[in-house]
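Chemist: Protein chains in written order, with the working numbering: chain A, 1 to 358; chain B, 1 to 342; chain C, 1 to 286.
Possibly wrong hints are sitting among the right ones.
[Claimed, not checked] Derived lysine-lysine pairs resembling PhoX-like cross-links, with alpha carbons at most 20 Å apart:
| # | chain 1 | residue 1 | chain 2 | residue 2 |
| --- | --- | --- | --- | --- |
| 1 | A | Lys180 | A | Lys55 |
| 2 | A | Lys55 | A | Lys29 |
| 3 | A | Lys56 | A | Lys29 |
| 4 | A | Lys145 | A | Lys247 |
| 5 | B | Lys168 | A | Lys345 |
| 6 | A | Lys120 | B | Lys168 |
[To be verified] Pairwise CB distance ranges (calculated):
| # | chain 1 | residue 1 | chain 2 | residue 2 | range |
| --- | --- | --- | --- | --- | --- |
| 7 | B | Pro166 | A | Pro179 | 33 to 39 Å |
| 8 | B | Ala293 | C | Ser61 | 53 to 59 Å |
| 9 | A | Ala52 | B | Leu190 | 39 to 45 Å |
| 10 | A | Asn277 | B | Ala210 | 52 to 58 Å |
Source of the hints: derived by calculation from the structure; they are not laboratory data.
These numbers were taken from a predicted model, which means no experiment stands behind them.
Ideal placement from N, C-alpha and C gives every residue a C-beta, glycine not left out.
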Amino acid sequence: MSRSLVAILSTIAVIAVAATGEPADPKLKVGVVHLGSVNDGGYNQAHADGIAVMKKNLPEVEVIQVENVAEGADAERVMENMIRQGARLIFAASFGYLEPALRVAQKYPDVKFVHPGGYKRLPNVTTYWASTPEAFYLMGMAAGKTTKTNKIGYVVALPISFFLANVNAFELGARAVNPKVETRVVFTGTFLDRGKEATAANALLDQGVDVLGVIVDSPITVVQVAEKRNAYAVGFHSLAAQKFAPKGWITGVAFTWGNLYTRFARQVMEGTFKSENILGSLKDDFLTLAPFGPAVPADAVGVVNTRKDEFAAGKAHPFQGPLRDNKGVERVKAGEAFPLTDLAKMDWLVEGVIGQPR
Amino acid sequence: MSDAFALRYPRAEALARFLGLLAFALAVFAAVLLLFGKNPLRAYVDVFASTLGTAYGWSETIVKMIPLMLTALAVAIPGRIWLINVGGEGQLFIGALAATGAALYLAFLPGWLLPVVMAGAGALGGGLWAAASGFLHARGWVSETISTLLMNYVAVLLVSFVVFGPWKDPEGVNYPQTAEFVPAAILPTLGTTRIHLGLVFALAALVLWALVMRRTRWGLEVRAIGGNAEAARRTGIPIGRYVVVLMFIGGGLAGLAGMAEVSAIQGRLRPSLSPGYGYSGFLIAWMARGHPAGIVAASFGLAVITAGGDILQMTQAIPGSVVNILMAVMLFVVLGRQGARR
Amino acid sequence: MAALVRSLLSGAVLSGTPLLYATLAELISERAGVVNLGLEGVMLVGAVSGFIAAFHTGSASVAIVVAALAGGVFNMVFAYLVLARRANQLATGLALMFCGVGLSALMGVRYVGSQITGLPEHDPLVYGAVPLAGLIWWVLRSTRWGLTVRAVGENPVAAFAAGRDPHVLQYQALFVAGLLGGIAGAHLSLGVARTWSEWMTAGRGFIAVALVIFARWHPLRAVGGALLFGGAISLQLSMQARGVPISPFILDMLPYLLSLAVLAVGRGAHRHAAPGSLGRVFQGTP
Numbered sequence: 001m002s003r004s005l006v007a008i009l010s011t012i013a014v015i016a017v018a019a020t021g022e023p024a025d026p027k028l029k030v031g032v033v034h035l036g037s038v039n040d041g042g043y044n045q046a047h048a049d050g051i052a053v054m055k056k057n058l059p060e061v062e063v064i065q066v067e068n069v070a071e072g073a074d075a076e077r078v079m080e081n082m083i084r085q086g087a088r089l090i091f092a093a094s095f096g097y098l099e100p101a102l103r104v105a106q107k108y109p110d111v112k113f114v115h116p117g118g119y120k121r122l123p124n125v126t127t128y129w130a131s132t133p134e135a136f137y138l139m140g141m142a143a144g145k146t147t148k149t150n151k152i153g154y155v156v157a158l159p160i161s162f163f164l165a166n167v168n169a170f171e172l173g174a175r176a177v178n179p180k181v182e183t184r185v186v187f188t189g190t191f192l193d194r195g196k197e198a199t200a201a202n203a204l205l206d207q208g209v210d211v212l213g214v215i216v217d218s219p220i221t222v223v224q225v226a227e228k229r230n231a232y233a234v235g236f237h238s239l240a241a242q243k244f245a246p247k248g249w250i251t252g253v254a255f256t257w258g259n260l261y262t263r264f265a266r267q268v269m270e271g272t273f274k275s276e277n278i279l280g281s282l283k284d285d286f287l288t289l290a291p292f293g294p295a296v297p298a299d300a301v302g303v304v305n306t307r308k309d310e311f312a313a314g315k316a317h318p319f320q321g322p323l324r325d326n327k328g329v330e331r332v333k334a335g336e337a338f339p340l341t342d343l344a345k346m347d348w349l350v351e352g353v354i355g356q357p358r
Numbered sequence: 001m002s003d004a005f006a007l008r009y010p011r012a013e014a015l016a017r018f019l020g021l022l023a024f025a026l027a028v029f030a031a032v033l034l035l036f037g038k039n040p041l042r043a044y045v046d047v048f049a050s051t052l053g054t055a056y057g058w059s060e061t062i063v064k065m066i067p068l069m070l071t072a073l074a075v076a077i078p079g080r081i082w083l084i085n086v087g088g089e090g091q092l093f094i095g096a097l098a099a100t101g102a103a104l105y106l107a108f109l110p111g112w113l114l115p116v117v118m119a120g121a122g123a124l125g126g127g128l129w130a131a132a133s134g135f136l137h138a139r140g141w142v143s144e145t146i147s148t149l150l151m152n153y154v155a156v157l158l159v160s161f162v163v164f165g166p167w168k169d170p171e172g173v174n175y176p177q178t179a180e181f182v183p184a185a186i187l188p189t190l191g192t193t194r195i196h197l198g199l200v201f202a203l204a205a206l207v208l209w210a211l212v213m214r215r216t217r218w219g220l221e222v223r224a225i226g227g228n229a230e231a232a233r234r235t236g237i238p239i240g241r242y243v244v245v246l247m248f249i250g251g252g253l254a255g256l257a258g259m260a261e262v263s264a265i266q267g268r269l270r271p272s273l274s275p276g277y278g279y280s281g282f283l284i285a286w287m288a289r290g291h292p293a294g295i296v297a298a299s300f301g302l303a304v305i306t307a308g309g310d311i312l313q314m315t316q317a318i319p320g321s322v323v324n325i326l327m328a329v330m331l332f333v334v335l336g337r338q339g340a341r342r
Numbered sequence: 001m002a003a004l005v006r007s008l009l010s011g012a013v014l015s016g017t018p019l020l021y022a023t024l025a026e027l028i029s030e031r032a033g034v035v036n037l038g039l040e041g042v043m044l045v046g047a048v049s050g051f052i053a054a055f056h057t058g059s060a061s062v063a064i065v066v067a068a069l070a071g072g073v074f075n076m077v078f079a080y081l082v083l084a085r086r087a088n089q090l091a092t093g094l095a096l097m098f099c100g101v102g103l104s105a106l107m108g109v110r111y112v113g114s115q116i117t118g119l120p121e122h123d124p125l126v127y128g129a130v131p132l133a134g135l136i137w138w139v140l141r142s143t144r145w146g147l148t149v150r151a152v153g154e155n156p157v158a159a160f161a162a163g164r165d166p167h168v169l170q171y172q173a174l175f176v177a178g179l180l181g182g183i184a185g186a187h188l189s190l191g192v193a194r195t196w197s198e199w200m201t202a203g204r205g206f207i208a209v210a211l212v213i214f215a216r217w218h219p220l221r222a223v224g225g226a227l228l229f230g231g232a233i234s235l236q237l238s239m240q241a242r243g244v245p246i247s248p249f250i251l252d253m254l255p256y257l258l259s260l261a262v263l264a265v266g267r268g269a270h271r272h273a274a275p276g277s278l279g280r281v282f283q284g285t286p
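Let the sequences and hints guide you as you build the complete structure.
Modeler: Laid out in structure tokens, this is it:
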């Protein structure tokens, strides 16, 4: 017999012999689908850290995590494979997974799905998000007090309404303490392209900005560029980014999903899960303002904390009218406020922000 | 293998050699996994169990094969006269773009007509995109390898442009995607699986191509050009015309793949339409040397491997893109062997 | 106005440097008669190797050397298949790309969020890029080695008849190409982004293949081409930073369309510029 035939047969034999048994059944199996890498110091890491907290709180839960899953056809297959492996709760942890998740959810009505940032639901699908404009407003205040050139730059992935709302709130907060501040926005066109983020950050710094904010999956690149060029940085998504900018860090906002995720898992185990649209804020425990860095002046801290309490008490609102967009059109009348539940409809940038919400 | 066996059963011997090469590739990949501290046997078991161990797994494998077979044909058909079409990806995107245009602007058409129009648009779009490169080659201005490669980028950027701009979904929080297609625009699927009508396109194209090449006068002329272009030209065959036509057909099939993906799988146009189907198709066509049966087999193999990547992440904590190494090693082994035989 | 030009230029230089190294790598390879579509994979292997070396040693110079060597060795896989086994260049190149993507992902899996010091403010790779292009131009036109490499690329049979072994020269050229490709990747991970993530080259290796054609296989024109492409990337981001409403995607298309136009219009010149045996590999008589 030929050597190649022997090779084939032995390979098959070894594979057959190597099959091992199944592990014991845990109380609940959870599947998590990530768009990027869990070490990105940003969006994906925040989800992964939340899952880790959930695991610590509920040791009887088993977790299957898959990273770098492209949105679209692959996402559906991954979710379905997780369900076939026994998962009964699926975290579809990226905006673009909404429709794949809804399709799979329709096929498996007994499996529960949670989706961050979604705007459509089914009886077994819950959407959740932390409303970040208040936090961005506060960060803007800190930045407004820290900037020396009165120019702020924001590197943003895509002109999604939630992100536009964040930038708007930031500028409004900065203006509240420093009326001369203006913010420039650059969109890289994708959630993760480190080369483009670095180029965008440098282009903004060349324009004279001295504070860089970032809304992409991983803030590390932009924060590093800021630190290298002696600018200030404002982080997002995860607190891990602070160590990349020891001198220039102003503050950041992080998602701390741990307790929320624990609640989800408990609900599924106890059978009390029901579909809802959860919109949290700074008051809840899934949004945290990062500690201020050394560059932030002392009087800023007091101002920020005062406004924070006002938000919590309902006495202030980040989008208090009158507000005009950067083309001069009035968007919010005097005496009114743009409701935080309607952020999906905010497709404009406020006066003072230079950029195109294409 | 004894020489007598090889002489009497050349096909079996060739197959056995081919499988031996693949086994070698599997062994190399196993060694790579071991080097990084992973268990290759468990990895292989998981991959095969998930892709071929269940009916669902089989159905997903077939779903992945559909665009691969079409893009492979997009390379194999012009390849018959030694044209190198590296532009399958771009042709796929343009096909998807054209089909999306039809879906968005002709949504009022009845349910039996709309998909037909979309398919026609997709094939036309992809075909013209490729034919342009064919034209440039026929005139002797630019090699088709280069022009199809460059046109890939333009096509992808064009899709991004419409999705971020004029065709952006007005309902969808400003996210870069088009509006959802009406139900009439979605290709029907088989039962509860995701296997869609695109499978019929692919199989029909394969069969038609095989028949045309073997049984028609036109196929004879194509083979003549492929055999000896100069001699064919002397007998009066208009080579330039064949160049453009074959590129058009190839591009049309890739465009059809794009239409099928956007209609049956995605339901709307997004920049993340294709994970490189055009390039995978090129590799498949080369592995199979353009033979229809080989294309089906190689598409199957590639589909299994890429689908298996997810499982490896789930059960082995191996990054999913590692299956690219296995794919590459298999290709190296097969391509190395092909070359040496010349 | 001056500020804008300065900003654009610095952006073009920063984005264009990895492109230039990659283009020079592909240029040498193609001058020797070999097309490598897998440059993307070589760049990724270089990028991750350099990043890991920088992380563990803290030295940027060590990192660059490691990245270059990694790229060179990785490209030898391609060289072996294409030269010794006479595999199809285009298909093998694409396979090399897939291999590089997977291999770099596997190597880099533990380093995704890691922090390194990276290249210094006065980036030696940026300063060295244009002189390198000049050096390569000089080598290809004035040194024995360079002229022989070009002869092999033009007409391997004639080179063989003149007593040179084409394969040895092609191996050497591909090794050098691998070194440069590795450096290109390293600049991306150590200089531009200072981080690692899967497939971070995002198609720059393919752009380099287009750039070689755009530059009509001339190293000095490659500098202009890399600046142009790098500039296109930074131009649209700069335009945004200034609030100018041009679609970035249309801007990004221009370099490719321009390349095609240049090739189509200059068809005579293009014929003369391309190395004669590109795409075909020499097989000598035993």
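Chemist: For every hint, state whether the structure bears it out.
Modeler: Right, here's what the structure says about each hint:
At roughly 47 Å between alpha-carbon atoms, A:Lys180 and A:Lys55 are farther apart than 20 Å, so this suggested pair is violated. A C-alpha spacing of about 11 Å is found between A:Lys55 and A:Lys29, which places the hinted pair at or below 20 Å, so the restraint holds. Proposed proximity of A:Lys56 and A:Lys29 is supported: the alpha carbons are some 14 Å apart, at most 20 Å. Taken as a hint, the A:Lys145 and A:Lys247 pair is honoured in the structure, with Cα atoms around 16 Å apart against an allowance of 20 Å.
Note on B:Lys168 and A:Lys345: the hinted pairing holds, with a Cα-Cα distance of about 14 Å set against a maximum of 20 Å. Restraint check: the Cα-Cα separation between A:Lys120 and B:Lys168 comes to about 18 Å, which is no more than 20 Å; the hinted pair holds. Distance hint for B:Pro166 and A:Pro179: a CB-CB separation of about 37 Å, consistent with the stated range 33 to 39 Å. Between B:Ala293 and C:Ser61 the beta carbons are some 54 Å apart, a value that agrees with the proposed interval 53 to 59 Å.
The beta-carbon spacing between A:Ala52 and B:Leu190, approximately 41 Å, falls within the hinted interval of 39 to 45 Å. Range check, A:Asn277 to B:Ala210: about 54 Å between beta-carbon atoms, so the 52 to 58 Å window is met.
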